[in-house]
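J.: Use these hints to put chain B onto chain A, whose structure you have.
Residue numbers (our numbering), protein chains in the order written: chain A, 1 to 567; chain B, 1001 to 1322.
Be aware that one or more of the hints could be misleading.
Unchecked claim - Not everything, but these chain A residues come out facing chain B in the computed CB check (under 8 Å): (1) ALA181; (2) GLY231; (3) TYR330; (4) VAL332; (5) THR388.
What the hints assert, rightly or not - Listed next, the in silico DSS-like pairs over lysine-lysine satisfying Cα-Cα at most 27 Å (straight line): (6) B:LYS1312 with B:LYS1232; (7) B:LYS1098 with B:LYS1148; (8) A:LYS242 with B:LYS1098; (9) B:LYS1148 with A:LYS131; (10) A:LYS455 with A:LYS387; (11) B:LYS1232 with B:LYS1295; (12) A:LYS131 with B:LYS1232; (13) B:LYS1232 with B:LYS1220; (14) A:LYS65 with B:LYS1256; (15) B:LYS1232 with B:LYS1256; (16) B:LYS1098 with B:LYS1256; (17) B:LYS1295 with B:LYS1220; (18) A:LYS560 with A:LYS97; (19) B:LYS1256 with B:LYS1148; (20) B:LYS1249 with B:LYS1148; (21) A:LYS242 with A:LYS419; (22) B:LYS1249 with A:LYS419; (23) B:LYS1312 with A:LYS65; (24) A:LYS242 with B:LYS1256; (25) A:LYS560 with A:LYS455; (26) B:LYS1232 with B:LYS1314.
No lab work stands behind these hints: they were computed from the structure. Note that the coordinates shown come from a computational prediction; the quantities given were computed from them, not determined experimentally. No residue lacks a Cβ here, since even glycine has one placed at the ideal position from N, Cα and C.
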Amino acid sequence: MGATHTDGGSRSEARLLSAILVVAICLTLAPVLRLFVEGVTDEGRPSLALMADVLAQPSTLSALKHSLVTAGFGTLVSLVLGAAFAFLVALTDLRAKAALVFCLMIPMMIPPQITALSWTQIMGPSSVLLKTLGIAPPLGAPQPLYSPQGIIFLLGIQHMSIIFLTLRAGLRAIPHDVVEAARISGAKGVRTWWQIVMPLTLPSLAAGTAITFVTALGNFGIPAMLGIPAGYATLPTLVYQKLAGMGTTVLAEVSVLAMLIGGVAVAGILLQRLFQTRQKLHLVGSTSQPLALPLGAARLPVEIFLWIVVLAILVLPMFGLLATSLVPAYGVSLRFDTVTLASWHEVLLRQPVTARAFANSFGLAAGASVALIVICLPLAWLMERRKTRLARVFDSLLDLPYALPGVVLSIAMILLLIKLPFTDATLYGTIWIIFLAYLARFFAVMFRPVQASLKQFDPAMDEAAQSVGASLYRRLRDVVFPLSAPAAAAGAILVFLTAFNELTVSALLWSSGTETLGVVIFNLDDSGETGMASALAMTIVCVAIVLMALIQLFSRRFPKGVVPWQT
Amino acid sequence: MKSFITSTAFVLLASTAMADTITLYTSQPNADAQRTVDAFMAANSGTEVDWVRDGTTKLMARLRAEIEAGNPQPDLLLIADTVTLEGMAQEGLLTAYKSPEAAAYDAALYSADGYYHSTKLITTGIVYNTGVETAPTSWGDLSDASIKGQIAMPSPLYSGAALIHLATLTGDEALGWDYYANLAANEARAQGGNGGTFKAVASGEKPYGMVVDFLAIRNKADGSPVEFVFPKEGVSYVTEPVAIMSTAKNVEGAQKFVDFLLGDAGQNLVLDMGYIPARDGMGVPEGFPAREDIKLMAFDPAEALANAETNKAKFAELFGAE
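Just chain A, with the same shape it has in the complex:
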């Protein structure tokens, strides 16, 4: 607390920066490095033998192909859906936009394995819905979703919100006057779109596409629920099946697979960067007034169509989930005399694993949000003030654990923490390994918005505080924290909601007593307890929607920028 002198303050800043940087690097980059070492060594010596061996296996190549096909076409589906909604919502005079945006955010907040579970229940020969309508396919007809097409379709729906959000942000930045100028020069409807709006939005479209592709590539819940029954393995499910069937004896082998997924993910991002740097367009002027093109007579039909799509992708599968959770056994149709709450009662009130999973998921999500605020706020501020070389290198690499698929990070974490250096202790099998993995995974989600908000922050304020003798801690508390709080809150909300529903990382890291909600649903369905899995899934969907609704409800009291889907 004695750092009242300017030089002293500077020295303590340097010390603090180094200390937090070391923590951050250990959290985010050490696991990735450890994974890399595992793949290119054999009993301590550098060797590419294992890598060549694994890459030559037919199962590796087919899983790689499957991953590329599902992630690639899934992204295409997201792109079509997300872009259509983004253009219409951002550029036209549709009504009830806020409600539409809120509904479009929900698919992203519903865990992928629940998306898959709910869709399988409204399609196929046993669908209560199709049976009621009298259009159920005949006995023996395949479940159409247990196929590459099914995986592509659901990946597309799951990730359309990402495209929607990034593209809408880009569209809102287009100033009114540019389009106005084009119109005055005589450009009509379609031409305005192709020649003015499209080129201006390409960078945000490219960025959204790259993130969607990488997210789809790392998705575990959907290919696990739909692909495993069909014998269609993607890289993440191949890793899961190998580890689940053979345990840690195959760690070295799956680490090579993990690196392969990581390689594809990084290639996707680099491709997007290349594309973005070649597409440089500069906008002049302020963005005070976003576009609102009148739809005219087409407005009502377009609105009806959009709401039908939203209902189809949200309400229909939820209805399927609800129906399955209410019947006494799988395959029974839902009637007044067959309705039972037995599955709900069993899973919510009798199974101790449910309460344990709620406590674990809630604790992990809340803990990760708080811990990341504590690390990221001072780190972002110090990195902004003191651009050391190490800080710059870290800045360019810190997205890595988020960009890499969850499976890759989990394997890296097991390798790093199964035997702690210098001791006999291990974190494998404890809740801490999941917690540390969450910190690594969501580091960038918290850090980037905070960093962006601090870049706009005038250093004069901090210097003024320093000149009147405010200590480093005091300045962090009274100047930096209040200014970046909205960005930190937005980051915390995103971290919390995603971590609460997480499956990919915890599927490989859970152990007795450390089950997360995602793991419990996946395992219940896997053991044939579909009714209980559906009841728990419905509960989680409701919790996610209630949390989002509460945030939305209080959004007016928050400073601008706190609610992530309203920026």
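T.: Positioned in the frame of chain A, the structure of chain B alone reads:
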């Protein structure tokens, strides 16, 4: 943050500090596991049971990883098959315990040294959706070309019971590996565990399947549109044995649990939950034929253990499974 600390502290404490807690790894369905544990705790007040459920194969993979990391969690295992436990006993991972209740059991149902004791009889037979036109009556019917692409079965790479089923059927002189080759040619789908197989049949997606008896019979009683058949060649079976780990922290509590499962109360519970009890003279649950009418196919655990890896490899080759 506070709730996080409390919950993690609780989880960490639960496995170490409370002396009278036993940890159970089981492959029983969740609801059955809970009933078993509740009944045990009611009969033995003061002993708490923490339990984790997963498929036998996955549970064993997890346990192997824990052993490698030097921190195996469970005191007790209650999993599908004796073959897995025989292998563990040979590796010295189990503690011998001669339960006084074993006297009421057929000697074939427990390890002579007391490493494991069978608790119930779970057979694998044929399940079909009641919407089909012709009901199968024998294993051979599933390789009939008229139902090509309409059969589901659990994968031996995934389920312990399915691996024993494979060993039993391929070891049968009349069926053998040719039968599995015919199933593969008939495009039978062998993915996932018994749960997924049952779902496929009940939903009508694959109207015919091989599945463990209780899933089909219990769900049929609850209204699922399925029938279960004991094929005329006989059925394969697993016995869901219980065993105490050599690393058990609470051996006394674990022994109490074994005695409870094997005793009258435990076996009546087994009957009540819809399984065939392993203990002599217990009868069968509703929906099953009399015990003497159920024809069990010949099965040799030692041979099955020795052949486990080759069987898995041959199966993977036939079905092109990973």
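J.: Output the numbers, in ascending order, of every earlier hint that fails for this structure.
T.: 1, 5, 7, 8, 12, 14, 15, 19, 20, 24
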